[in-house]
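Chemist: For reference, the chains in residue letters:
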Amino acid sequence: MKREVIIIGGSAGAFDSILSILNNLDKSINTPIVIVLHRLKNTVTTFEAILQRNTHYTVKEIEDKDKIEKGFLYTAPADYHVLLEENFTFSLDASELVNFSRPSIDVTFESFSSILKEKCFGILLSGSNQDGAIGLKIMAENNGKTIIQDCNEAEFAIMPKAAKNICNKHKELNTKNIINTLNNEFS
Amino acid sequence: MITLKELDDLLFTIKKQFDYDFMDYSKASMLRRIHRFMDINTMKNAVDLKFELINNPTIFQNFINEIVVNVSEFFRDPSFYKSLQEKVFPYLDSYPKINIWSAGCSFGEETYSLNILLKENKLFSKTRIYATDISSNAIERSKKGIYDNTNFKDYTKNYYECGGKESLNNYFVSDERHSMINSELKQNILFSNHNLVADSVFKECQLILCRNVLIYFNTDLQNKALELFYESLPVHGFLAIGKKESLRFSSVFHNFKEIDREEKIYQKIK
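Residue numbers (the working numbering), protein chains in the order written: chain A, 1 to 187; chain B, 1 to 270.
One chain only, chain B, in its complex shape (with noise of 0.2 Å):
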C-alpha cells in the first residue's frame, strides 16, 4: 500500500501527464480509494501503480473511474427533499423558467428524484436541469438512467418519506433486473462534463445541488467549488450542500443565510 509521500507523487503526475488535478482532494479519502483500487487490481505498491497508469490508458480509464465516489441512491436523506419541495420549491415557481445546477451528480439518482419532485410539484415543464459530473463515465451512466432494481425497495421507502405522490414505478420501465427511468424525465436535463477544480461558471442557475460532494475535496478546495456556486446563483438562489458538510469555512459564508439548518440549505443573501 502507498504512503502519503507516494500519494502526493503520484497526484502530481498524474496532473501533469493527464491533467487531472486531484492535488486539493481529501487525502485521507483519495488513500482509500486507492488502496481499493489497488487491492481490486491485485497492485502490491506505488511503483505498480504508477507504471500502470502511465503505460497502460485503459488502466487509467478505470483508475479515474474508481477513484472518483460514484455511490448514490435515489431520495437520499427524505426528509431533505421534504424540506426541498416546502421551502424551496414554492419559491422557484415564482421565477418563469428555472435553471437547477446538479454538480457531480453521479450516476443520475439524484438528478432524477429532483426531476420526479419537480414533475409532481408541477415545476417540471419550465425547469432546465444542467447535470455535471467529473467522470465521463458518470455521465455516460447518467444519460442512460439504467439501475439495478437491488435497492429499488429502499428507494421506494425513501421515496414515500419525502412525500412522494405516485408509485415510484411510474417513472421507470422495468425488467427483472434492471429499471430505466422514463425517457420524458431524461428531456428537461443535459448532461455535461464539467469539473469544479478547473472550470468556470457556464449558467445562471435559481437552484445549485452539490451533496455529498465536498467531503471528498480539503478545505481549499471546497472554498474555491463555493465560489463557483456562489458566482453562478442570482441574489434569492439557494445552494443545498450535503447534510453533514459545511459553508463555515469558505469565504462566502456571510454572503448566505440558512434556509434549513439541519438539511443544510441556504439562500445568496448577498
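Chain A with its partners taken away, still in its complex shape (with noise of 0.2 Å):
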C-alpha cells in the first residue's frame, strides 16, 4: 500500500474545523487520517463518537501497536504522545509532556515525519500554544506537505502563527481551501 498519511493537529477552536473537513472530504479518499488534539484526561468524551457520525472513514482511538490502514481515521488518546513504528504501527508513549501537553502535536508530527518524510501531509489548526509548530517546520525540511489554518479564520491563532513564524514553507488556508486542497490532492 501506498504509505500516506493526513495528520490534523490541533487545539482550542480547532474541533469545528475538522468536522467540516471531514464532512466535506470526498468519499472516495481513503487515506488514513491520524487526529492529534488537545483534551482533558480523565473524562470520557464522545469526540470519537461526534467524529464517526461526521465521516465515511471507521474513527478508531488509537491503541498500542495498532497497524494503520486505509479508511480508518485514528486519534490520539488523552494522555499518550503518538509515535509511527517502521512497520507502520503505532506506538503510544506515555513519557514527559511536551509544550504542556500530552498528546504533543510536535511529537507526532516529527515521529510520522522521520519514518514517512515526503509521505505526510501535516495540517495544523487553530490552538492557544505553540505545539505542532516546530514537528511541522521539520515536517516541511523533508519534503513533506504542510498547510496551517489562516490565520485570520483560526479562532485562537496562535498555533498556526507559531508555526507560520519559524517556517515560510507551509500553505496558509482557510478551512474552506483546506478542503478542496484535500480532495485535489488525494481523490
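Worth flagging that the hints you see were computed from the coordinates, not collected in a lab.
Relax, there's no trap hidden among the hints.
Okay, derived cross-link-like pairs now, DSSO-like style, lysine-lysine, Cα gap no bigger than 27 Å in a straight line:
1. K5(B) to K145(A)
2. K87(B) to K41(A)
3. K41(A) to K165(B)
4. K157(B) to K41(A)
5. K176(A) to K27(A)
6. K82(B) to K41(A)
7. K82(B) to K60(A)
8. K67(A) to K145(A)
9. K117(A) to K50(B)
10. K67(A) to K224(B)
11. K224(B) to K15(B)
12. K44(B) to K117(A)
13. K268(B) to K203(B)
14. K161(A) to K145(A)
15. K169(A) to K44(B)
16. K122(B) to K186(B)
17. K119(B) to K186(B)
18. K153(B) to K41(A)
19. K257(B) to K67(A)
20. K257(B) to K60(A)
21. K119(A) to K5(B)
Both chains are given apart, each in its own frame, so use the hints to dock them into the complex.
Modeler: Given below as C-alpha cells:
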C-alpha cells in the first residue's frame, strides 16, 4: 500500500474545522488520517462518536501497536504521545509532557515525518499554544506537504502563527481551501 | 540526530558491551528518548554518542536512566483504581496471603498508590508487594519514596476520584517542597531490579500490575513479557495493563478473560 498519511493537529477552536473537513472530504478518499487534538484526561468524552457521525472513515482511538490502515481515522488518546514505527504501526508513549501537552502535536508530526518523509500531509489548525510548530517545520523540511489554518479564520491563531513564524514553507489556507486541497490531492 | 540504522547499530553495541538489551524495544520510542538524551547532553551525532557511552561510565549510567521512561503519577487513571477495588480486591480478599507484582514500578508512584488502597480496603496486612524495575536508579528512588510537592493537587484529585477515603496527606510526611511516603507503607514492599527482557519468573503472584510499560516494547518483546506474567499467575490470578495497551497480539490472549475491558484488567482462566 502507498504509505501516505494525513495528520491533523489542533487545540482550542479546532474542533469545528475538523468536522467541516471530514464532512466535505470526497467520499472516494481513504488515505489514513491521524488526529492529534489536545484534550482533557480522565474524562469520558464523546469525541470519537461525534467524529464518526461526520465521516465516511471508520473512527478509532489509537491503541498501542495498532496497524495503520486505509479508510481509518485514528485519534490520539488522552494522556499519551503517538509515534510511528517503521512497520506502519503506532506506538504510544507516556513520557514527559511536551509543550505542556500529552498528546503533543510536535511529537507526532516529528515521528511520522522521520519515517514517511514526503509522504506526510500535515495540517495545523487553531490553538492557543505553540505545540505543532516545530513538528510542522520538520515535516516541511522533509518535503512533506504542510498547511496551517488561515490565521484570520482560526479562533485561536497562536498555534498556526507560531508555525508560520518559524517556517515560511507552509500554505496558509482557510477551512474551505484546506478541503479543496485535500480533495484535489487525494481523490 | 541519529537514523534508524544507527540506532540498531548502537543498541547492538550496548547489548554486546554492557549486557543491556534494548534491541526489542519500540524503535520509535527509543529514537525519541535518545534524541532527548543527546539534546540534554549536547551531542550532535551517533559517533559522539557512542564514544561517550563506551568511554564514560557516568554518562552510560545517565543514559540508561534517561532512556527508560520513568514518568508516572499517583493514581494515574483513577477509573482504573476504582475498578481494581471493586472487581479485584474482593477476590484477593479470599486468599490468606496475597502476593502482588508491580512490574516496571518507575519511581514508586503506582506501587504506593496501590498500597494506600490496599490499606483502605483492609488488605494491607496480608499483602506483600514485589516492585521491580529495570533501572537501579528507579529502584533507589522508589525505596526513598520522596516526591516533589508540585503535582500533589492533581494526585489528591485523582485519589478522591478513585474513591480514596482519607486525606492523601495522611500518608505522607511533608515539608515545603517534598513529601515522603509514610514508612509503614514501605514495609510490605520489596523493591528490586528485574529485567522483563532477560529475567524469569520469581514468585507466584495473584495480581500483576504492569501499566504503560509494554508500550515501550515491540510486539515480540510484549509477547515475551506477557508469557512471563502468564507463568507467574495462578489460575484466577489478575493482570492489569495500561489503558491503551492490548493483549490481542499475544500468544496467551486466549488464556485470559476480560474483567474490565476499558481498564484492561484480565483474569487468567487456563
